[in-house]
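Asks: Sequence:
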Amino acid sequence: PTQCLETWSMVPSVLLDVQPQHCVLDMCAAPGFIASQIAQRMHRDPQQAANGVLILNDLYKAKDGLHLHWTQGIKAVSCNYDAKTFPDLYLTDKKSFSDRLQYDHVICDVKCSMDGIMRKNTGLQDNWKPKSALYLHSDQKAIMKRALELVKVKGYVLYSTTSMNPIENEAVVMAILEECAGSVVLADCRPRLQGFKFRPGLTTWKVMSEEGLILESFEQAGVGFQGTFPTSVFPPPIKEAMAYHMERCIRVLPHDNNTAGFFCAVFVKTTELSWIQAKVKEEKLKEEEKLKEEKKLKDEKQNEEAKAKETAEPENQTDKPVSKTAPKKLLCQISCDQIEWITETTDQSLRTTVKTVTKTFPRPPPMLDPNYVAPKPPQLLASFRDPLAFLEKYDEQWLTIKEFFKINDTWDPTCLKFSGENELYHSTKTIKTLVQYNKNNFIKNFGKQFGVKFFYELPYVPFEVKSPCPVMMTNEALGLLYPFIGRQLVNIDRDDLLRLAYYETVKITSLSTQAQTDIAATDQGCILFIYKPKNIHSVPLCNIALCGVHNEELCMYSPLQREERALFLLAGMDREDYERRLTEEKLAKIMAKDAAMDTS
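Counting in UniProt numbering, the sequence shown runs without a single skipped number right up to 600 at its last residue.
In case anyone wonders, no lab produced these hints; they're calculated from the structure.
Possibly wrong hints are sitting among the right ones.
[To be verified] Pairs of lysine-lysine, BS3-like flavour, derived with a Cα cap of 30 Å: (1) LYS507 <-> LYS402; (2) LYS281 <-> LYS329; (3) LYS296 <-> LYS286; (4) LYS94 <-> LYS402; (5) LYS279 <-> LYS393; (6) LYS453 <-> LYS432; (7) LYS131 <-> LYS152; (8) LYS95 <-> LYS307; (9) LYS279 <-> LYS141; (10) LYS429 <-> LYS439.
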């Protein structure tokens with residue numbers, strides 16, 4: 001989908017050095033143009049697939065669908081919050097301020113007047129008003145302030161708009177720099193845009209009031225203006241403005257590169273913000289007081305127990321309850337804890353005396369059965385599973401899939417979760433941790449289908465399939481699981497690849513000898529076609545992996561994830577070229593047959 005993106009949506013991702021293991025937050029993600037570029041950078045290294053997270057936030061759920069299909073990936077998760085009050089997400093069950101998730105990069109492509117894209121979107125010309133920037137300014141500042149609170153020290157915050165109005169751009173940047181008082185500076189990312197025309201940020205500008213008056217300072221404005229808008233819509237004194245290094249901002253006018261007009265500024269957080277430091281200090285003091293109080297209560301309890309122990313009878317050790325922190329089973333022991341001797345004595349006068357002697361023995365300590373194995377917890381049906389509950393290694397459905405594909409034990413399935421009926425999605429360890437300790441947030445404001453679909457129920461195919469494991473693997477799963485799979489692999493050559501791409505179903509006997517041999521060693525159901533170039537002159541000159549289905553006689557390329565056009569282009573031809581080649585081969589066979597008949 002990146003072929004539909006415009007230049008202005010690609011520049012912000014170039015300014016940020018996003019790595020696959022980073023935690024990234026896009027606070028205003030819709031419609032997803034910038035987020036799609038960030039997602040590509042985060043998913044470019046399969047070896048880092050288990051780390052990192054890309055959180056895509058937008059206030060309105062109606063907009064959420066616009067960017068979801070652009071940014072699908074194992075690390076992507078979408079949510080719907082007001083960016084000005086985006087919540088803290090925690091990485092431990094303590095949920096203290098020091099345990100919150102801090103991001104490596106935060107992107108603020110804020111709502112703006114969009115006058116930079118007027119020549120493309122002519123509908124904006126009818127509704128655009130100069131006062132729009134004045135009313136948006138405060139919200140833009142609030143979003144930026146929250147972004148700087150969420151980013152870690154030495155992390156980066158990107159601020160961007162498709163506006164050319166300095167009230168929405170330079171005014172916001174200077175106001176934030178002034179409020180942060182040295183904790184935040186502008187990063188110089190200009191060297192990353194070699195060959196691209198842009199201008200430095202402005203240091204002076206004038207403001208137009210709602211009445212159309214041109215104002216040079218806040219003092220010139222009327223009482224109504226001063227009571228509605230902040231002083232930060234005006235530029236600061238020139239000496240102060242020069243100290244902010246506004247030349248590091250990226251200002252692009254539409255005619256500079258024949259693009260939309262837009263503005264970008266990258267902030268780097270050098271030290272923690274002053275109000276955050278105060279909050280951390282306050283929490284630390286509360287934690288210390290809490291620890292002191294807990295220690296005091298613990299000491300008092302120990303003293304009371306010691307006094308009670310001195311006055312009370314010796315405690316029978318056998319009466320101590322067995323710990324119930326984990327499933328255990330005690331050995332059955334039969335023992336005697338008391339013996340009573342009764343002695344009867346009869347004298348010469350036939351008088352009988354009875355003497356009773358009682359002796360007690362300590363009970364043996366309870367012994368655990370070393371051979372006891374705790375039963376597996378019962379598994380709910382897929383349709384009743386918690387959509388936020390991740391699988392365990394002993395999940396029966398996973399064990400069936402694992403055995404079918406012979407997936408290596410080194411691959412960790414605990415980041416898989418069910419979504420819907422018999423659909424398994426995979427995400428990263430970071431997302432799993434966030435779900436575990438922020439479940440209420442995920443239930444209310446996060447999308448349920450985060451991550452990437454790995455397995456789904458075997459779809460309808462035009463032939464009968466009797467499979468011991470009726471599931472289908474997705475192309476995304478194959479790309480990550482291929483090194484761990486030991487079964488259901490079928491090696492194919494170029495002719496097999498083109499045949500699978502062209503025909504809906506293919507007879508197994510029409511494939512290469514190697515492919516037929518490999519299919520014979522697999523079970524019916526999902527199979528994985530693997531193409532590898534034989535030498536440097538092979539076309540395609542790259543490894544290709546495809547998901548497919550087969551029974552005893554027929555096989556086919558995945559019915560739901562077919563990319564025939566891409567396969568033909570990799571092979572250096574179009575579908576029409578291959579169809580023409582098949583026709584020529586058929587005619588050649590007919591002519592050869594006729595020639596053979598003539599000679600006979």
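Asks: Work down the list of hints and note, for each, if the structure agrees.
Replies: Now for the hints, and whether the structure bears them out:
1. LYS507 <-> LYS402: Given pair LYS507, LYS402 holds - Cα atoms ~28 Å apart, limit 30 Å.
2. LYS281 <-> LYS329: violated (48 Å)
3. LYS296 <-> LYS286: Distance ~15 Å between LYS296 and LYS286 Cα, so the pair holds.
4. LYS94 <-> LYS402: violated (35 Å)
5. LYS279 <-> LYS393: violated (41 Å)
6. LYS453 <-> LYS432: holds (15 Å)
7. LYS131 <-> LYS152: Cα-Cα ~35 Å, so violated.
8. LYS95 <-> LYS307: violated (37 Å)
9. LYS279 <-> LYS141: With a Cα-Cα distance of about 21 Å, the restraint between LYS279 and LYS141 holds, given a limit of 30 Å.
10. LYS429 <-> LYS439: holds (15 Å)
Checked against the numbered hints listed earlier, the structure breaks hints 2, 4, 5, 7, 8; every other hint is satisfied.
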